[in-house]
Amino acid sequence: MATRQSALARALDNRTTLGLIFMVPAAALLMLFLTYPLGLGTWLGFTDAKIGRSGEWVGIENFTYLWGDEVMRLAVFNTIFYTVVASIIKFGLGLWLALLLNKHLPFKAFLRAIVLLPFIVPTALSAIAFWWIYDSQFSIISWALLKMGVINTYIDFLGQPWHARFATIAANIWRGVPFVAITLLAGLQTISPSYYEAASLDGASDWQQFRFVTLPLLTPIIAVVMTFSVLFTFTDFQLIYVLTRGGPLNATHLMATLSFQRAISGGSLGEGAAIATAMVPFLLAAIMVSYFGLQRRAWQQGGSDK
Amino acid sequence: MTIDSGKVSTEGPPRGANGSSLGAANEVSVGVLSEGAPVAADTQGMNYLVSLPRRVFTVYVPLTVFLIVLLFPFYWMAITAFKPDDELLSREGNPFWVVNPTLAHVKKLLFDTAYPDWLWNTFLVTVAATFISIFASVLAAYAIERLRFRGSRYVGMSIFLAYLVPPSILFIPLAAIIYKLQLFDTRMALILTYPTFLIPFCTWLLMGYFKSIPYELEECALIDGASRLQILVKIILPLAVPGLISAGIFAFTLSWNEFIYALTFISSSEVKTVPVGVVTELVEGDVYHWGSLMAGALFGSLPVAILYSFFVEYYVSGLTGAVKE
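Residue numbers (this note's numbering), protein chains in the order written: chain H, 1 to 306; chain P, 1 to 325.
Derived from the structure by calculation, the hints contain no laboratory data.
C-beta: ideal position from N, C-alpha, C; glycine also.
Where hints are given, some of them may not hold.
A few chain H residues that don't get close to chain P, going by computed Cβ distances all over 12 Å [unchecked claim]:
#	residue
1	58
2	69
3	71
4	73
5	80
6	88
7	160
8	166
9	289
Listed below are the simulated SDA-like cross-link pairs for lysine to any residue, each with C-alpha atoms no more than 25 Å apart in a straight line [unchecked claim]:
#	chain 1	residue 1	chain 2	residue 2
10	P	107	H	135
11	H	103	P	63
12	P	180	H	261
13	H	108	P	72
14	P	108	P	119
15	H	103	P	52
16	P	211	H	103
17	H	147	P	89
18	P	180	H	35
19	H	147	P	72
20	H	108	P	66
Pair by pair, the computed Cβ-Cβ distance ranges are [claimed, not checked]:
#	chain 1	residue 1	chain 2	residue 2	range
21	P	283	H	212	51 to 61 Å
22	H	17	P	233	15 to 25 Å
23	P	52	H	207	16 to 26 Å
24	P	58	H	198	19 to 29 Å
25	P	151	H	32	19 to 29 Å
From just these sequences and the hints, can you work out the full model?
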C-alpha cells in the first residue's frame with residue numbers, strides 16, 4: 001500500500017506526467033470540437049453529404065463545380081474586396097484614433113473605455129441598429145442628407161449592389177476601428193516620450209516624428225494587430241447575415257455566408273464544406289501578406305532579424 | 001504572438017522606462033500587468049509647446065467626430081426603443097428626440113415574445129462555457145508555462161494556432177458532429193462548442209500572467225513540501241487574479257456575443273440565444289417592428305456593456321496583452 005501510494009506521488013511529482021494530466025480537459029475539448037471537425041470539414045468537402053445523410057466520396061467534384069459557379073466567383077471577389085478595403089480603412093482610422101487618444105487629454109481613461117464599446121457589444125445586435133440606420137424608407141442618414149440638401153430621394157443603402165457593399169464595409173469598419181485603435185494605443189504608450197523630446201530638439205516636424213520615431217517602433221505591433229484584423233474581416237459572417245443575407249443579387253455574399261447558405265439553408269453539407277475549405281488557402285495567404293509584409297518592413301528599417 | 005515575445009524590446013533601442021534588459025519574462029509582465037503605465041503618465045512630452053487653437057483643430061474636433069460616429073448607433077438604438085410607432089414612421093419633426101416616450105415596445109418584447117427565455121439561455125450558456133473554459137485553461141496554461149513538460153513548447157504553439165481557426169470554417173463539420181451526438185437543438189451543444197474558441201484565447205492570456213510570477217516562489221513551496229496542486233491553488237492562482245478576471249470577462253463577452261454556432265445548432269425558439277433570437281424571430285414577414293427590434297438589441301447589449309464598464313482595465317489589458325505578447 002505504502003509503495004503504491006509513493007508510486008502515485010512520484011508520478012504526480014513528475015512534471016511530464018502531471019503536465020499531461022493537466023492538459024487533459026483542454027486537449028479533450030479541443031480535439032473533439034476543433035481538431036476533429038477541422039479534418040472532418042476537409043473530408044466533407046470531398047463528399048456529397050446532405051443534412052441527415054452521410055455522403056459518398058466524390059473527389060474534387062464539389063470544387064470543380066464551384067470553380068465554374070458564378071455566385072462562388074462573386075463571393076470570392078466580394079470577400080477579397082471587403083477584406084482589403086475594410087482593413088486598409090480600419091488601419092488608417094484606427095491609427096489616427098490611437099494617436100489622438102495618446103495625446104494629453106482630460107478623462108482619458110473614460111474616453112478609452114467608451115471608444116471600445118462597438119467592439120464589445122454583440123455584433124449581431126449592433127448590426128440590427130445599422131439595418132435600421134440603412135433602412136430604405138426611414139434611414140436617418142438619408143433624412144439628414146435630404147435636409148441638408150445633398151440628395152433629393154432617399155438612398156437605398158442595402159438594395160443596390162455597390163451601395164450594399166459599401167454600407168456593409170462601413171458597418172464593419174465601425175466595429176473594427178476600436179480594436180485597432182486600442183491595441184495600437186497600448187503600443188504607443190510603450191514608446192518613451194524622450195524620443196519625441198530628442199526629435200523635436202533636433203528640429204523634427206510632427207510628420208517627421210511620426211514617420212521616423214512612431215512608425216518604426218510601432219511596426220511589430222501593427223503587424224500583429226493587422227493580422228488579427230484581416231483574419232476577423234475575412235471570416236466575417238454576422239454583419240452580412242444580419243444586414244443583407246448576401247443580397248441584393250448575391251452582391252454582398254462572402255465565402256462564409258455563402259457556405260452557410262449552401263450547407264445549412266440549402267442542405268448540401270458537402271458543398272458548403274468545400275467552400276469553407278476553399279477559404280483556408282486564401283486565409284493563409286492573407287495572414288502571410290499582412291504579417292510578413294509588415295514584418296519585413298520592420299526588418300528593413302533596422303530592426304533585428306528574428 | 002509567440003513570434004515576438006518581448007519583440008517590442010528587441011526591435012528598438014533600449015527603453016528606459018520598461019527596462020528591456022530585464023529579459024523577455026519581465027517584458028511580458030510589464031506589458032500585461034501595468035500596460036506602460038509609468039510612461040503614460042508623462043506622454044504630454046513637448047505638448048505644452050502646441051497652442052490651444054491648434055490643439056482644438058488637430059485633436060478635439062477629430063476626436064469628437066470619432067466619438068459621435070462610434071456612439072451614434074447606440075444612441076439611435078436607445079431612442080428608437082422608446083419611440084412610439086407614429087413618430088418612428090413619420091418624416092416630420094426632429095427624429096433625434098422622442099416627444100412621447102413609450103414602453104410599448106419593451107412590453108411587447110417581454111410579454112409577447114420569447115425574449116426572457118433567450119436572455120436566460122444566453123446567460124446559462126455563457127456562464128457554463130466560461131467556467132469550463134477557465135478551468136481547462138488554468139490547468140493547461142499552468143502545465144505549459146510552469147511545469148514545462150516535454151513537448152510543452154509545441155503544445156503552446158498549437159494552442160496559438162487553434163486560436164487562429166475561425167468559427168466560420170468549423171460550423172459545418174461541427175453541425176454534423178453535434179447532430180451525431182444527438183445534441184442538436186440543445187443548450188449543451190453551445191456549452192460544449194464555445195470552449196473551442198475560448199480555451200485557446202484564455203490559455204494564451206493566462207500563460208502570459210503565469211510567466212510573470214517569479215519561479216522562486218514555487219521553488220520555496222516545493223522545498224517546504226507542497227504538492228504541485230497546492231502550489232497552483234495557493235500560490236499561482238491568487239497571484240494571477242487579474243489574469244483570471246481578464247480571461248473571465250473575455251470568455252463571458254465572447255460567448256454572449258457568439259452568433260454562428262447558435263444560429264446553426266439551435267432551431268427551436270425556446271432554446272435560442274439573444275443575438276440569434278432577435279435576428280431570426282422578431283421579424284414577422286415584411287413588417288419590421290423597429291421599436292421592439294431595437295429594444296431587443298439594446299437589452300441584449302446591456303449586460304456585456306455593464307460588465308465591461310466595471311472591468312474596463314482588465315478587459316483592455318487582456319486585449320492589449322494578448323496582442324502584444
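Going through the hints against the structure:
1. Residue 58 of chain H, annotated as away from the interface, keeps every beta carbon of chain P farther than 12 Å; the closest lies near 16 Å.
2. Distance check on residue 69 of chain H: its Cβ is at least 17 Å (rounded) from any Cβ of chain P, clearing the 12 Å threshold; non-interface status holds.
3. Residue-level check passed: residue 71 of chain H sits 17 Å from the nearest beta carbon of chain P, beyond 12 Å.
4. No Cβ of chain P approaches the Cβ of residue 73 of chain H within 12 Å, the least distance being about 19 Å, so the stated non-interface status holds.
5. The Cβ of residue 80 of chain H sits about 16 Å from the closest Cβ of chain P, beyond the 12 Å cut-off, so the non-interface label holds.
6. Separation of residue 88 of chain H from chain P is adequate, the least Cβ-Cβ distance of about 18 Å exceeding the 12 Å criterion.
7. Taking the minimum C-beta to C-beta distance to chain P, about 19 Å, the non-interface status of residue 160 of chain H holds against the 12 Å cut.
8. Every Cβ of chain P is farther than 12 Å from the Cβ of residue 166 of chain H; the closest lies at roughly 15 Å, confirming the non-interface assignment.
9. Interface exclusion of residue 289 of chain H from chain P stands, the closest Cβ pair being 15 Å apart, more than 12 Å.
10. Straight-line distance between C-alpha atoms of residue 107 of chain P and residue 135 of chain H comes to about 24 Å, which keeps the hinted pair within the 25 Å bound.
11. For a cut-off of 25 Å, the pair hint linking residue 103 of chain H to residue 63 of chain P stands: about 11 Å separates their Cα positions.
12. The hinted pair formed by residue 180 of chain P and residue 261 of chain H meets the criterion: a straight-line CA distance of about 21 Å does not exceed 25 Å.
13. Restraint check for residue 108 of chain H and residue 72 of chain P: the C-alpha separation of about 20 Å stays at or below 25 Å, so the hint holds.
14. For the hint linking residue 108 of chain P to residue 119 of chain P, the alpha-carbon distance of about 15 Å falls within 25 Å, and the restraint holds.
15. Annotation: proposed proximity of residue 103 of chain H to residue 52 of chain P holds, straight-line Cα distance about 13 Å (limit 25 Å).
16. Distance restraint check for residue 211 of chain P and residue 103 of chain H: the Cα-Cα separation of roughly 32 Å exceeds the 25 Å cut-off, and the hinted pair is therefore not satisfied.
17. For a cut-off of 25 Å, the pair hint linking residue 147 of chain H to residue 89 of chain P stands: about 17 Å separates their Cα positions.
18. For a cut-off of 25 Å, the pair hint linking residue 180 of chain P to residue 35 of chain H stands: about 17 Å separates their Cα positions.
19. For the hint pairing residue 147 of chain H with residue 72 of chain P, the CA-to-CA distance comes to about 18 Å; that is within 25 Å, so the pair holds.
20. Simply put, residue 108 of chain H and residue 66 of chain P have alpha-carbon atoms about 14 Å apart, close enough for the 25 Å limit, and the pair holds.
21. The hinted window of 51 to 61 Å between residue 283 of chain P and residue 212 of chain H holds, with their beta carbons roughly 53 Å apart.
22. The hint said 15 to 25 Å for the Cβ distance between residue 17 of chain H and residue 233 of chain P, and at roughly 19 Å that hint holds.
23. Separation of residue 52 of chain P from residue 207 of chain H is about 21 Å and conforms to the stated range, judged on CB atoms against 16 to 26 Å.
24. Under the hint 19 to 29 Å, the C-beta atoms of residue 58 of chain P and residue 198 of chain H, about 22 Å apart, fit the expected range.
25. Separation of residue 151 of chain P from residue 32 of chain H is about 20 Å and conforms to the stated range, judged on CB atoms against 19 to 29 Å.
When each numbered hint is compared with the structure, a violation occurs for hint 16 only.
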